[in-house]
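Chemist: Since chain U is already given, all that's left is putting chain R on it; use the hints.
Protein chains: 2
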Amino acid sequence: MSKEIGITVKKNEDFSEWYTQVVLKSELIDYASAKGFIVLRPHGYAIWEKIKDYIDRRIKETGHRNAYFPALIPESLLKKEGEHFQGFIPEVFWVTQAGDRKIGDKLALRPTSETIAYDSYSKWIRSWRDLPLLLNFWNSVMRAEIKSTKPFIRTSEFLWQEGHTAHETQEEAEKEVRSILEMYRQLIEEELAIPVITGFKSDKEKFVGAVYTTTLEGMMPDGMALQMGTSHNLGQNFSRPFEIRFIGREKQEQFVWQASWGVSWRLIGAVIMVHGDDKGLILPPRVTPIHVVIVPIHYKTEDIEPVVGKVKDLAGRLKQAGLTVHIDDRDQYTPGWKFHDWELKGIPLRIEVGPRDVSGGGAMFVRRDTGEKVFIKDGEAVEKASGLLEDIQRSLFERAKEMQKRYTFTTENYEEFKKRIKEEGGFVRTSFCLKRECEDKIKEETGADIRVIPFKDEEIFGRCIYCGEEAKKVVYFAKSY
Amino acid sequence: MSKEIGITVKKNEDFSEWYTQVVLKSELIDYASAKGFIVLRPHGYAIWEKIKDYIDRRIKETGHRNAYFPALIPESLLKKEGEHFQGFIPEVFWVTQAGDRKIGDKLALRPTSETIAYDSYSKWIRSWRDLPLLLNFWNSVMRAEIKSTKPFIRTSEFLWQEGHTAHETQEEAEKEVRSILEMYRQLIEEELAIPVITGFKSDKEKFVGAVYTTTLEGMMPDGMALQMGTSHNLGQNFSRPFEIRFIGREKQEQFVWQASWGVSWRLIGAVIMVHGDDKGLILPPRVTPIHVVIVPIHYKTEDIEPVVGKVKDLAGRLKQAGLTVHIDDRDQYTPGWKFHDWELKGIPLRIEVGPRDVSGGGAMFVRRDTGEKVFIKDGEAVEKASGLLEDIQRSLFERAKEMQKRYTFTTENYEEFKKRIKEEGGFVRTSFCLKRECEDKIKEETGADIRVIPFKDEEIFGRCIYCGEEAKKVVYFAKSY
Numbered sequence: 013m014s015k016e017i018g019i020t021v022k023k024n025e026d027f028s029e030w031y032t033q034v035v036l037k038s039e040l041i042d043y044a045s046a047k048g049f050i051v052l053r054p055h056g057y058a059i060w061e062k063i064k065d066y067i068d069r070r071i072k073e074t075g076h077r078n079a080y081f082p083a084l085i086p087e088s089l090l091k092k093e094g095e096h097f098q099g100f101i102p103e104v105f106w107v108t109q110a111g112d113r114k115i116g117d118k119l120a121l122r123p124t125s126e127t128i129a130y131d132s133y134s135k136w137i138r139s140w141r142d143l144p145l146l147l148n149f150w151n152s153v154m155r156a157e158i159k160s161t162k163p164f165i166r167t168s169e170f171l172w173q174e175g176h177t178a179h180e181t182q183e184e185a186e187k188e189v190r191s192i193l194e195m196y197r198q199l200i201e202e203e204l205a206i207p208v209i210t211g212f213k214s215d216k217e218k219f220v221g222a223v224y225t226t227t228l229e230g231m232m233p234d235g236m237a238l239q240m241g242t243s244h245n246l247g248q249n250f251s252r253p254f255e256i257r258f259i260g261r262e263k264q265e266q267f268v269w270q271a272s273w274g275v276s277w278r279l280i281g282a283v284i285m286v287h288g289d290d291k292g293l294i295l296p297p298r299v300t301p302i303h304v305v306i307v308p309i310h311y312k313t314e315d316i317e318p319v320v321g322k323v324k325d326l327a328g329r330l331k332q333a334g335l336t337v338h339i340d341d342r343d344q345y346t347p348g349w350k351f352h353d354w355e356l357k358g359i360p361l362r363i364e365v366g367p368r369d370v371s372g373g374g375a376m377f378v379r380r381d382t383g384e385k386v387f388i389k390d391g392e393a394v395e396k397a398s399g400l401l402e403d404i405q406r407s408l409f410e411r412a413k414e415m416q417k418r419y420t421f422t423t424e425n426y427e428e429f430k431k432r433i434k435e436e437g438g439f440v441r442t443s444f445c446l447k448r449e450c451e452d453k454i455k456e457e458t459g460a461d462i463r464v465i466p467f468k469d470e471e472i473f474g475r476c477i478y479c480g481e482e483a484k485k486v487v488y489f490a491k492s493y
Numbered sequence: 013m014s015k016e017i018g019i020t021v022k023k024n025e026d027f028s029e030w031y032t033q034v035v036l037k038s039e040l041i042d043y044a045s046a047k048g049f050i051v052l053r054p055h056g057y058a059i060w061e062k063i064k065d066y067i068d069r070r071i072k073e074t075g076h077r078n079a080y081f082p083a084l085i086p087e088s089l090l091k092k093e094g095e096h097f098q099g100f101i102p103e104v105f106w107v108t109q110a111g112d113r114k115i116g117d118k119l120a121l122r123p124t125s126e127t128i129a130y131d132s133y134s135k136w137i138r139s140w141r142d143l144p145l146l147l148n149f150w151n152s153v154m155r156a157e158i159k160s161t162k163p164f165i166r167t168s169e170f171l172w173q174e175g176h177t178a179h180e181t182q183e184e185a186e187k188e189v190r191s192i193l194e195m196y197r198q199l200i201e202e203e204l205a206i207p208v209i210t211g212f213k214s215d216k217e218k219f220v221g222a223v224y225t226t227t228l229e230g231m232m233p234d235g236m237a238l239q240m241g242t243s244h245n246l247g248q249n250f251s252r253p254f255e256i257r258f259i260g261r262e263k264q265e266q267f268v269w270q271a272s273w274g275v276s277w278r279l280i281g282a283v284i285m286v287h288g289d290d291k292g293l294i295l296p297p298r299v300t301p302i303h304v305v306i307v308p309i310h311y312k313t314e315d316i317e318p319v320v321g322k323v324k325d326l327a328g329r330l331k332q333a334g335l336t337v338h339i340d341d342r343d344q345y346t347p348g349w350k351f352h353d354w355e356l357k358g359i360p361l362r363i364e365v366g367p368r369d370v371s372g373g374g375a376m377f378v379r380r381d382t383g384e385k386v387f388i389k390d391g392e393a394v395e396k397a398s399g400l401l402e403d404i405q406r407s408l409f410e411r412a413k414e415m416q417k418r419y420t421f422t423t424e425n426y427e428e429f430k431k432r433i434k435e436e437g438g439f440v441r442t443s444f445c446l447k448r449e450c451e452d453k454i455k456e457e458t459g460a461d462i463r464v465i466p467f468k469d470e471e472i473f474g475r476c477i478y479c480g481e482e483a484k485k486v487v488y489f490a491k492s493y
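Same order as they appear, the protein sequences are chains U and R.
Number 420 in my numbering belongs to position 408 of the first sequence; there are no gaps in the numbering.
Number 425 in my numbering belongs to position 413 of the second sequence; there are no gaps in the numbering.
Incorrect hints may have been included.
Unchecked claim - Straight-line distance between alpha carbons at most 25 Å, and here's what the computed DSS-like set of lysine-lysine pairs gives: (1) U:K455 to U:K159; (2) U:K72 to R:K62; (3) U:K92 to U:K135; (4) R:K92 to R:K118; (5) U:K62 to U:K291; (6) U:K72 to R:K324; (7) U:K135 to R:K350; (8) R:K434 to R:K491; (9) R:K291 to R:K23; (10) R:K417 to R:K484; (11) U:K92 to R:K47; (12) R:K118 to U:K162; (13) U:K350 to R:K72; (14) U:K118 to R:K162; (15) R:K72 to U:K62; (16) U:K159 to R:K118; (17) U:K37 to U:K350; (18) U:K114 to R:K47; (19) U:K62 to R:K62; (20) R:K453 to R:K159; (21) R:K135 to U:K47; (22) U:K159 to U:K491.
Stated by the list, open to error - Selected chain R positions facing chain U (in silico; Cβ < 10 Å): (23) D42; (24) P86; (25) I101.
If you're looking for bench data, these hints aren't it; they were derived computationally from the structure.
Ideal Cβ positions, reconstructed from N, Cα and C, are used throughout, including at glycine.
With the rest of the complex left out, here is chain U (with noise of 0.2 Å):
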């Protein structure tokens, strides 16, 4: 593989050029001609999938529909609900055009979909034999970024999902707040095998308009932390304004209690910037589109039909157990060259066929994620294909665990924060008396906010790092995308 074609810079030399190559090079996006968007190219697309149908299955299997609202809000809807709107003001796009008339009553292109689904809510629910209502809309939203873009981090518009429920009780809510949040925590650790940190979002930090945010945190190898998802309890914050009201079974009229909640696809870019290497992508062998790339190796005629029954016969039954198989019969290109392409695309397990394969009864394993090559006799193919895919699934899982481990410094003295924020990065994790003061103080003199109030009550050590006062909980701080 030339040069400009397999990634040029290392990984823990220049973390964000080697980002950015990655995800260029490896195809999974590229560069949109309006500033701050991106295409999502099919093997980025394919990934996507992947996460879609997993959170699609789980949220069908607890009672939650899909829907389709328009991506157009009109600005008195919009404005109905006042924080939230002065949250989202200065990113919204706004169509003031339509052919060549002005349009009276502007429309913003949603930056999410709150006011537009509440309205029609307040039209739906009457009784609360409405109830719950739990939708979620597949769709992509958009907000124009002032900051610099990054894809898949931060764009003008991302793919994402945004569930919308209302129940009876303010308890309910709040369980579906939570069990969504675990939801997610699963997918983002036992698919994605990225570890987080689950807790609450700080006041400053919670979604506009939110009573409370839950949220979950991963750690990137530039010490930076990323948030993968948030579920927010919206308590009557919305149902108010919006007027969404339902007789009870006691025959009283009462607002409902809200939850939503979203993940995007900044779950591809953890993804890439957790497991990814010098030579490229990794990919987790449950999301990936491809387990397994099979390339077949003959340089003499009288090697093709042999090598190319085997590598049919090797295919089938690894399909037939269930794996997603690709044969890269193209025969424009070399077999070394193949080799780099699948491992700039990341597929965590490339079988070569040779002529020599045949004559040996096996074929030759190699992982991705270790480059470690194994010769496997033919019958035992199917056990270890899929015992290998476990394995890398389980180890980049840990190999992520343990960065993890490596960048949470615990502290309760502030020269020491201040020292580990500006020249390691990572988690701080220390006891903080949760006053606003404090957390603006910190983030203007370290850049560090709180990311996480772990759920996990953990016990508190010392009295609150800033101010020195008594401490109420156990919070994580770091710089983050």
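Modeler: Chain R alone, transformed into the frame defined by chain U:
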């Protein structure tokens, strides 16, 4: 069921009002706050998912892959193919503002993605090795509708898929155009149970920028034709302005040959119109989100256990046979209310289970299409349910075929043509010269246009119906949505 919940007009008395009531009351859609936009509710979305899954599976089997392109297209890009731009310009929504900042090169909300996609294609395609490029996008497009809107049929935003392919040769591109149209035909006739006539659009009616457009035309119960989907041969009309060049096998540089194709949620509109009746929707078994709804009937406490037990057992066996089953165990509604509710929503098969069915060793099966009730013995339940569903699928298609036939009239006489179009509507099949002037005149005088020039090489049976000169083709005229 109270009058206001059920449909209050008859399909054959006020078709338009009937349609509006069905889409709203069966909870397929609701109107959105912005004029011309609709909300696709869960029941409607579930039907769209059936259509989507079918197409997604079929196109992936034939090597197509999904991708996502931005919703916003810079004006400069949209202008590159002049004819195309002129065609779409009156209905483009323009974004001119982000937050409170004016945007320099204003951004169009995609009315279709040719321009933005082909801008990328020109970067991705370098050699014949990169061809064919077979991509599809699932998204929504926005076209500000000036005419009066109608849910699913004409709205300012709609969900669809758009396929965009690039090929080495003209022949390959033409093959793609036809094989996609055939896939659409199978979807519409075999899954949606709606017969179509396939063929070419006239030059006047083809897609702006295409060399030619192929189409599938359906006939609705009010005598109006509905275009169900299109597949375009773009030739090199876009590859030239967008400079999508490749080095061929013989090293010569050339422009790619292209096809584009799409169907939208309009197909759901066709299902409603063609199959529905005075009670509401009738969903063809192959695209219904629920095949069978089971309604347990128990008025006395001692009946609950045996009835519920039987319902669960029956549901379990039907699910095992691959059917989607819903048990309506809502205790706040009467059985009668539930029957009407599921009839309104179009579920093809209902099973009623009461105490007498428990003792009688069977259950009552009710067909949605005919209303026919049959008592089925427990041992035959699975087989009969599957058989009835197949029969419903078949008979819906036959009924629609009958209707299409009734609405197809052949004539060589322009007076008869005019009378037919005016009084009864439907397709008028006639011989035609293919001249634009005649087509324009007929449109002006009757409101009908050429819906399709059929592939089936029907024998020309007269001279041009308008000018009396030599006829070139048999064509189908109709008024249309």
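Chemist: Quick one: which hint numbers does this structure break? Sort them smallest to largest.
Modeler: none
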